[in-house]
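2 protein chains.
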Amino acid sequence: MSKLTEETVKNKVADRVLSMRSSAVRDLFAAANRDDIISLAGGMPDVSLLPAEAVQKAAEAAYDTNRKEALQYGGTPGRPETAKVFSMIMETGGVPGVDPADILITTGAQEALDLLGKTFINPGDVILCEGPTYLGALQAFAAYQPEIICIPFDEDGMKMDLLEEELQKHGKGGVKFLYTIPNFQNPGGVTLSLERRKRLLELSEEYDFMVLEDDPYGRLRYEGEPITPLKALFDQVIYLGTISKTFAPGLRTGWIAAPSAVIEKVNLMKQGTDLCGSTFDQVIVEHYFTDTPWEETLAKFVDTYAERKDAMLAALEEFMPEDVTWTHPTGGFFVWLTAPENVDLVALLPQALEQGVIYTPGNGFFPDGETGKNCARLAFCFESPENLRAAIERMAKVIEDSRA
Amino acid sequence: MSKLTEETVKNKVADRVLSMRSSAVRDLFAAANRDDIISLAGGMPDVSLLPAEAVQKAAEAAYDTNRKEALQYGGTPGRPETAKVFSMIMETGGVPGVDPADILITTGAQEALDLLGKTFINPGDVILCEGPTYLGALQAFAAYQPEIICIPFDEDGMKMDLLEEELQKHGKGGVKFLYTIPNFQNPGGVTLSLERRKRLLELSEEYDFMVLEDDPYGRLRYEGEPITPLKALFDQVIYLGTISKTFAPGLRTGWIAAPSAVIEKVNLMKQGTDLCGSTFDQVIVEHYFTDTPWEETLAKFVDTYAERKDAMLAALEEFMPEDVTWTHPTGGFFVWLTAPENVDLVALLPQALEQGVIYTPGNGFFPDGETGKNCARLAFCFESPENLRAAIERMAKVIEDSRA
Chain A
268 MSKLTEETVK NKVADRVLSM RSSAVRDLFA AANRDDIISL AGGMPDVSLL
318 PAEAVQKAAE AAYDTNRKEA LQYGGTPGRP ETAKVFSMIM ETGGVPGVDP
368 ADILITTGAQ EALDLLGKTF INPGDVILCE GPTYLGALQA FAAYQPEIIC
418 IPFDEDGMKM DLLEEELQKH GKGGVKFLYT IPNFQNPGGV TLSLERRKRL
468 LELSEEYDFM VLEDDPYGRL RYEGEPITPL KALFDQVIYL GTISKTFAPG
518 LRTGWIAAPS AVIEKVNLMK QGTDLCGSTF DQVIVEHYFT DTPWEETLAK
568 FVDTYAERKD AMLAALEEFM PEDVTWTHPT GGFFVWLTAP ENVDLVALLP
618 QALEQGVIYT PGNGFFPDGE TGKNCARLAF CFESPENLRA AIERMAKVIE
668 DSRA
Chain B
268 MSKLTEETVK NKVADRVLSM RSSAVRDLFA AANRDDIISL AGGMPDVSLL
318 PAEAVQKAAE AAYDTNRKEA LQYGGTPGRP ETAKVFSMIM ETGGVPGVDP
368 ADILITTGAQ EALDLLGKTF INPGDVILCE GPTYLGALQA FAAYQPEIIC
418 IPFDEDGMKM DLLEEELQKH GKGGVKFLYT IPNFQNPGGV TLSLERRKRL
468 LELSEEYDFM VLEDDPYGRL RYEGEPITPL KALFDQVIYL GTISKTFAPG
518 LRTGWIAAPS AVIEKVNLMK QGTDLCGSTF DQVIVEHYFT DTPWEETLAK
568 FVDTYAERKD AMLAALEEFM PEDVTWTHPT GGFFVWLTAP ENVDLVALLP
618 QALEQGVIYT PGNGFFPDGE TGKNCARLAF CFESPENLRA AIERMAKVIE
668 DSRA
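In order, the protein sequence lines correspond to chains A and B.
Take 268 as the starting number for the first sequence in my numbering and just add one per residue.
Take 268 as the starting number for the second sequence in my numbering and just add one per residue.
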């Protein structure tokens with residue numbers, strides 16, 4: 268074969284690769300390893316809050332009591348014992364009665380997104396999501412070349428009037444599925460109201476599209492009462508769960524809960540994708556949620572993140588120019604900030620780095636990579652309240668300086 | 268949305284799902300949990316041979332010394348420290364000098380197959396492989412709808428004259444890539460000779476196709492001298508490695524070593540597929556291969572499997588009818604058995620179960636699902652020599668009875 272250079276490889280890759288954007292920002296971040304830089308960019312849970320003894324106890328099950336199973340290949344859908352634990356977690360989160368047989372375990376919820384795209388998307392299919400939405404969902408779906416259409420949100424989540432307008436354009440059966448993060452959306456931080464959840468499900472029936480409910484942050488509520496999950500309102504919803512925010516993302520364990528006809532097809536696609544997930548990690552996850560006081564640890568997460576969220580909102584209020592706005596999350600990891608149209612937060616990143624702060628510019632959360640350059644996702648999950656305050660002060664200065 | 272039944276889901280799935288075959292045999296196997304059944308079907312390493320203390324020592328690094336990193340998200344290409352270990356493993360396996368930056372870590376080598384398919388295959392692209400070949404590779408590639416063409420092998424691996432004939436049909440640039448398992452092929456058990464390896468690389472240059480070298484079994488040689496890997500003969504080869512057979516498949520850790528232009532594109536596809544692999548498992552793997560006497564443990568694997576291989580070959584010689592033939596592996600996990608054309612080993616599976624033995628019928632290893640019904644893959648890796656002898660005796664009886 269000829270030498271595999273950038274040039275020859277470009278001529279060999281599949282068309283779908285051309286629809287993928289590499290994140291230029293990611294490269295910039297990789298360069299940003301200076302100690303004095305405060306990051307509002309990553310969506311990383313603070314795993315230092317996990318009690319060491321709980322982690323060890325859960326790990327012991329994998330290297331000791333369940334060793335032979337944990338080291339061996341598992342079934343493609345994952346360990347039935349672990350699925351049972353996920354059914355229990357869903358029950359404590361407001362979705363009772365999910366049959367563990369209707370749960371398929373994935374390598375993080377990211378793999379769930381890929382598998383659902385792989386199972387359902389033909390090139391050109393129309394799919395809907397919030398705009399902005401989770402970057403990783405856009406990447407997962409883009410590989411299967413759909414037309415992705417974004418529906419704007421306000422503080423009550425996706426706007427149902429705009430959704431209905433869009434649905435009318437495509438007619439019944441014209442949309443393959445709608446992807447939503449109803450709780451503390453990534454990157455918006457907003458939560459879909461109960462009224463809109465009900466309306467969304469009505470529309471899904473009227474226009475016959477599937478609903479994918481992605482719920483990584485649902486357990487991280489800092490104020491107010493939980494809102495009934497879509498999956499609890501209608502059992503045909505395809506629900507995506509993960510332990511990345513309630514336990515540890517390094518264990519890459521998520522799941523899909525869906526009607527068995529869906530699970531069967533997704534399972535077929537997973538056979539070729541990775542055969543099975545890590546049984547070792549599944550055993551650990553299973554024991555973490557049965558043998559350790561995980562709800563106490565979760566309460567500690569909630570207290571810590573709540574304090575950080577408050578610190579960020581207070582700092583935004585204190586430092587940001589008057590014409591900058593932001594969302595007011597009651598949970599999750601993120602605030603969505605909107606500067607005036609003429610402020611380009613992509614172009615300002617080098618100045619921000621200079622000032623010792625990084626954030627994720629908003630355009631990465633739109634399929635066109637262009638919309639949202641005046642916006643940014645600010646993560647409050649990982650830094651201390653003091654650092655968050657300093658970071659927002661620095662960012663405000665960058666925005667102000669850009670207009671001087 | 269309408270209820271997601273088998274019927275409605277069938278109308279919603281992407282076209283690629285229709286090109287996937289579910290394994291009917293898998294269902295039969297699931298039913299075969301009787302204690303008196305000896306399995307020649309699975310390709311499972313015997314993880315009970317792993318020293319408990321080595322596993323614990325490696326796990327300790329993940330839950331204790333490297334805890335924070337092991338529990339957190341990692342980079343998409345995987346931990347650089349783990350890539351360094353894989354470069355070392357490749358060096359001890361005859362491929363020196365691979366830059367760890369040219370290694371991307373995957374969720375088992377199965378994900379490597381999926382990612383390479385996702386990166387390179389357009390619907391209709393021609394790809395070549397041995398026939399029969401690894402079922403999981405067929406499943407991984409089939410999702411991207413290529414035309415898969417099989418080249419027969421003999422005891423010296425893929426037949427180069429038949430390969431050349433096929434290449435002539437497609438012309439220069441007419442084949443996207445060739446996938447091969449040169450050492451102790453799955454399911455064939457055969458090994459590509461050095462002479463043919465060199466010829467294969469010549470042909471790859473003449474006809475300009477990429478070569479994917481999948482090497483799960485290379486370290487499990489029971490006789491003779493290792494043959495130089497394709498990757499060592501030509502550094503542009505795309506090499507797939509795994510720790511599933513030298514350590515533990517439950518940790519789902521494999522890798523791709525390839526020119527950086529390839530790694531870059533594969534990395535882009537992996538971002539959307541699962542974001543990153545399990546950092547927890549990568550830390551364990553890393554420490555297993557640096558802090559424990561893994562080559563001693565490997566020697567124990569080799570001794571045990573060698574004995575089982577000999578037992579199976581002796582039993583085949585002793586019990587099989589004269590018109591049945593089989594390959595004579597010098598390593599790996601499998602023997603490929605060929606019965607006369609009129610013996611249907613798919614149809615005979617229920618009788619085999621009745622007799623207390625299962626095997627994998629050969630048709631699963633061909634893309635059409637039809638060729639090879641008179642063949643079977645026999646795994647000698649998991650059962651004791653006594654059990655293997657009994658299993659072959661039972662299988663021979665099933666074949667003989669079918670002709671009575």
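Derived from the structure by calculation, the hints contain no laboratory data.
Keep in mind the model is a prediction, meaning the values are calculated, not measured.
Hints should not be assumed to be uniformly reliable.
Since the list can't tell identical chains apart, any single copy or any two copies may satisfy a pair.
The calculated lysine-lysine pairs, modelled on DSSO-like cross-linking and capped at a C-alpha distance of 30 Å, are [what the hints assert, rightly or not]:
| hint | residue 1 | residue 2 |
| --- | --- | --- |
| 1 | K465 | K270 |
| 2 | K351 | K567 |
| 3 | K664 | K335 |
| 4 | K567 | K640 |
| 5 | K335 | K324 |
| 6 | K335 | K351 |
| 7 | K664 | K439 |
| 8 | K664 | K567 |
| 9 | K351 | K640 |
| 10 | K439 | K277 |
| 11 | K426 | K465 |
| 12 | K351 | K465 |
| 13 | K335 | K640 |
| 14 | K426 | K567 |
| 15 | K439 | K335 |
| 16 | K664 | K436 |
| 17 | K270 | K335 |
| 18 | K277 | K465 |
| 19 | K567 | K436 |
Task: Hints violated by the structure (listed by number, smallest first) - done: 3, 4, 7, 8, 9, 13, 14, 15, 16, 17 and 19
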